[in-house]
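Turn these sequences into a full structure, and let the hints steer you where they fit.
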Amino acid sequence: MIKKILSYFIPINIYRKNSEINKSLEVTWTNGQLVLDSKNTNYSYGSLQRILRKGLHYIGFERVRKFESILVLGVAGGSVIKTLVDEIKFKGEITGVELDPNVIEIANTYFGLNQIPNLKIINDDAFEFVLKTKEKYDLIIIDIFQDTKMPNFLFEDFFINRINFLLNVDGFILFNTMTLNKKDKERNASYRLRFNSDYSVRMYPKVEDHNELFTIKKLK
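In terms of the numbering used here, the sequence shown opens at residue 158 and continues consecutively.
Check each hint, because a few of them may be wrong.
What the hints assert, rightly or not - Dumping the calculated DSS-like pairs for lysine-lysine here, alpha-carbon to alpha-carbon at most 30 Å: (1) K306 x K239; (2) K248 x K291; (3) K180 x K339; (4) K239 x K277; (5) K339 x K248; (6) K291 x K223; (7) K289 x K223; (8) K291 x K377; (9) K246 x K293; (10) K293 x K375; (11) K211 x K248; (12) K180 x K306; (13) K246 x K289.
The hints are simulated quantities; they were obtained by calculation from the structure and are not laboratory data.
Structural data, given as structure tokens:
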């Protein structure tokens, strides 16, 4: 409790671990809230939770609440999962896929994800998982970063087409991207053009300083 109070004045780090995948991982009390950060960016809670909450708000909390199955690619500390369960009151099945076992350990220990009954976390590469799964989903949330880098496969046709295949009709993709330079903005503009008239694509720029959100609805 003392650390939580002090964090309103100065961030209080309580856990730090080097990770082969994400380099540095830190759990810190900041403004009375536990957050998970990598070396250069917020990974969960803090600004990232605000970003993904806005994305879910754009889709509509009431609509999300009626979905049956949600896939989260890139769990980190699980802030978007906490928004789904605690705020939206989503009762359906949530599948979270996270590459870094250290992140899963932190998410369970400090953020209590292993106490959520309708959540299943799978330690796997997102690309490999979407190739293997036979399930289909009403909402697919893509939030994959390695520090400030986004893997190239997220923007390649094969991955995009596979995600589209796994999405139910009238379902949504919520894709969080980082735009640090002109090349990133051009990449996002190209990504938007990958979807034909079977999809309704909306882009929300400057959700935070360097984030652009996509919401993509599958129409048929």
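#### Entry: Hints breached by this structure
The structure conflicts with hint 5 only, although it agrees with all the remaining ones.
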